[in-house]
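Which chain is which? The protein sequence lines are A and B, in order.
Start counting the first sequence at 1; every next residue gets the next number (the working numbering).
Start counting the second sequence at 1001; every next residue gets the next number (the working numbering).
Please note: incorrect hints may appear among the correct ones.
Simulated restraints on C-beta separations [claimed, not checked]:
| hint | chain 1 | residue 1 | chain 2 | residue 2 | range |
| --- | --- | --- | --- | --- | --- |
| 1 | A | Asp213 | B | Asp1190 | 29 to 35 Å |
| 2 | A | Ser287 | B | Asp1006 | 25 to 31 Å |
| 3 | A | Met110 | B | Lys1124 | 49 to 55 Å |
Which residues of chain B face chain A? A partial, calculated answer using Cβ under 8 Å [what the hints assert, rightly or not]:
| hint | residue |
| --- | --- |
| 4 | Val1065 |
| 5 | Pro1234 |
| 6 | Leu1238 |
In silico lysine to any residue, SDA-like type, Cα no more than 20 Å apart, as pairs [claimed, not checked]:
| hint | chain 1 | residue 1 | chain 2 | residue 2 |
| --- | --- | --- | --- | --- |
| 7 | B | Lys1061 | B | Thr1021 |
| 8 | A | Lys298 | B | Arg1199 |
| 9 | A | Lys124 | A | Leu147 |
| 10 | B | Lys1053 | B | Asp1040 |
| 11 | A | Lys124 | A | Ala148 |
| 12 | B | Lys1061 | B | Ala1033 |
| 13 | B | Lys1298 | A | Arg199 |
| 14 | B | Lys1298 | A | His198 |
| 15 | B | Lys1347 | B | Leu1013 |
None of these hints come from the bench; they were simulated from the model.
Idealized CB from N, CA, C, for every residue including glycine.
2 protein chains.
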Amino acid sequence: MSVSTDPTLRSGLRIAIVGATGAVGQVALQILADRKWPADRLVLMASARSAGKEIAYLGRKLKIVEGRADAFAGIDVAFISATTAVSRELAPVLARQGVLVIDDSGAFRMQADVPLVVPEVNGKDVLGHRGIISIPNCTTTPLVMVLAALRSLAPLRRVTVATYQAVSGTGAAAVRELDEQNAAIVEGRDTARSVYPHRIAYNLLPQVDRFLDDGYTAEEHKMTNETRKILHEPALPLSSTCVRVPVRISHSEAVHVELARPVDPAEARRVLASFPGIRVVDDPANSDYPMPDQAAGKDPVLVGRIRRDSSHPDGLVLWLSCDNLRKGAALNAMQILDEAVRLGALKPRAAVN
Amino acid sequence: MSVSTDPTLRSGLRIAIVGATGAVGQVALQILADRKWPADRLVLMASARSAGKEIAYLGRKLKIVEGRADAFAGIDVAFISATTAVSRELAPVLARQGVLVIDDSGAFRMQADVPLVVPEVNGKDVLGHRGIISIPNCTTTPLVMVLAALRSLAPLRRVTVATYQAVSGTGAAAVRELDEQNAAIVEGRDTARSVYPHRIAYNLLPQVDRFLDDGYTAEEHKMTNETRKILHEPALPLSSTCVRVPVRISHSEAVHVELARPVDPAEARRVLASFPGIRVVDDPANSDYPMPDQAAGKDPVLVGRIRRDSSHPDGLVLWLSCDNLRKGAALNAMQILDEAVRLGALKPRAAVN
Chain A
1 MSVSTDPTLR SGLRIAIVGA TGAVGQVALQ ILADRKWPAD RLVLMASARS AGKEIAYLGR
61 KLKIVEGRAD AFAGIDVAFI SATTAVSREL APVLARQGVL VIDDSGAFRM QADVPLVVPE
121 VNGKDVLGHR GIISIPNCTT TPLVMVLAAL RSLAPLRRVT VATYQAVSGT GAAAVRELDE
181 QNAAIVEGRD TARSVYPHRI AYNLLPQVDR FLDDGYTAEE HKMTNETRKI LHEPALPLSS
241 TCVRVPVRIS HSEAVHVELA RPVDPAEARR VLASFPGIRV VDDPANSDYP MPDQAAGKDP
301 VLVGRIRRDS SHPDGLVLWL SCDNLRKGAA LNAMQILDEA VRLGALKPRA AVN
Chain B
1001 MSVSTDPTLR SGLRIAIVGA TGAVGQVALQ ILADRKWPAD RLVLMASARS AGKEIAYLGR
1061 KLKIVEGRAD AFAGIDVAFI SATTAVSREL APVLARQGVL VIDDSGAFRM QADVPLVVPE
1121 VNGKDVLGHR GIISIPNCTT TPLVMVLAAL RSLAPLRRVT VATYQAVSGT GAAAVRELDE
1181 QNAAIVEGRD TARSVYPHRI AYNLLPQVDR FLDDGYTAEE HKMTNETRKI LHEPALPLSS
1241 TCVRVPVRIS HSEAVHVELA RPVDPAEARR VLASFPGIRV VDDPANSDYP MPDQAAGKDP
1301 VLVGRIRRDS SHPDGLVLWL SCDNLRKGAA LNAMQILDEA VRLGALKPRA AVN
């Protein structure tokens, strides 16, 4: 067997996954397994409820450990994808212990001393970390990749988005709820619900996360604030409507972008196609366009329906689908680790207080 | 029993429904039954395949007649909701026979001598008919109602829309396809498809109708062209992305509107709430907002999530859901007839050639 050319794999690092039983944790495990990440350099953690259970990994059984601050001896990198409360409690403590925390929650994303990173867009930002690096919300990641690609053609002027978000973004329980409701409806039974405030099967919820005073949801605010931070464009005008749809995996977005000059769709298609992590799927004549079921389980952000905005001379319209658990979360986290290894940024400059 | 105060009901008119077995035809029948429209002033028509079958109506059985041009003797009004080909063949012939045709297809909507009418918005346009009045596409109708309400505050400058369209817009076969695919998926079986080019269950299709050369679909063009015609604003900038979602009934839309001045959401809420046919459902604190399952089977267009557009000083953002079979089709048709009766416009000025 040849020696791996993957610097992260050769690094000898030990990784902990906190939230290993969750929807994102499971995909993280899958990605590590695909890389043949050695089982003895992997620790799976979850809540006390799951501690002691075993998870299959590369032909072995890994026992789940309770994710307590004192369980991280010998761990170099912790990927946390649990609840925001878990992230708030664990991340600063681990950072002080010298563990690099890659955090999936919204707890630290907008903190000035925490880089918020999509490696294809602002990979160098990992250099500024003080022990915690955040990954963006799963709707932000594909959007900033598209915007970064288009910005190479002309400055961005304004962005509006309508999302179509899969239930796995809420977690594994929401996927079960959708499945159970669908089963009940096709069998003519009454539906039950516990995760969402309304039925999601055969329905749409124009609410993701809680509402704020301005009528936007926290999800919609995240999209604006995180996009601005990642693109280093603190005043970029952006407005979105975030909607939950009865789909298991992959978020989709209808995006209107205004640029500083008219951009031909062919130009846009070219820069999008050559942007790392994006695959252009745009052959309408053959009904070929991004769809959630096609993006699910795949790495790239799928972008298509690229056309002029018929309502604005400098506008483009497009449609994207992206696996919210993969590039929207676990894959992006792994790529952040790769970037930190590559740039020699594993040791924080100084721990977060 | 008291005499009806409904002038259309008292008119003595005889109505034919062409496409009585279809998704829209069935809703039209329901609306007529709710009005206690007399069975002897109603003729149900469909294709030769359905001719002879019986449909229950107000405790009677009505036999379906084949919808041929020579079957309309004694009919005053024909509501056609079949295929575009059927509309193209029948409507001009009937108009020449003096039948008022209210047509649900895209065949005549953009024809200059055919009024395209949403009674709450441009009811008086029925006066210009020459035998055919078209009803708009089911995504256009709720949008123009919202735009007409907002226009009372300030001129419209630009509109962008992302739609979330129910499968019943395609027809009853598409509803069965969604149900069958959902059943197969929850039971772990393979799905089959025949109506759509891709699976619709647990998925999204960013294609409604066929693609045109500019990258937009015919559905997206309809939305622009029909909105301009109904609002009498032939240059209104409008761009949309039309998406099919796994929902049975009710189309939803995320709408960005730019006006000629900043409009306070409270002002917008007021004019929307007082606009006929619109119900404002906008209480985010109680997770109360328009949803397709709440709009289905109801008359009003539900509008909510009304807020400032954080990306434009003169912009508003909102979300709507509307029963695509009811106000999106059959109800609007019935209201056009009411308007024609009320305005004494039943007889055309001169038949369409």
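Evaluated hints:
| no. | hint | verdict |
| --- | --- | --- |
| 1 | Asp213(A) to Asp1190(B): 29 to 35 Å | violated (48 Å) |
| 2 | Ser287(A) to Asp1006(B): 25 to 31 Å | violated (46 Å) |
| 3 | Met110(A) to Lys1124(B): 49 to 55 Å | holds (53 Å) |
| 4 | Val1065 | violated (33 Å) |
| 5 | Pro1234 | violated (14 Å) |
| 6 | Leu1238 | holds (5 Å) |
| 7 | Lys1061(B) to Thr1021(B) | holds (14 Å) |
| 8 | Lys298(A) to Arg1199(B) | holds (18 Å) |
| 9 | Lys124(A) to Leu147(A) | holds (18 Å) |
| 10 | Lys1053(B) to Asp1040(B) | holds (17 Å) |
| 11 | Lys124(A) to Ala148(A) | holds (14 Å) |
| 12 | Lys1061(B) to Ala1033(B) | holds (13 Å) |
| 13 | Lys1298(B) to Arg199(A) | holds (18 Å) |
| 14 | Lys1298(B) to His198(A) | holds (18 Å) |
| 15 | Lys1347(B) to Leu1013(B) | holds (12 Å) |
The structure is inconsistent with the numbered hints 1, 2, 4, 5, although it conforms to all the rest.
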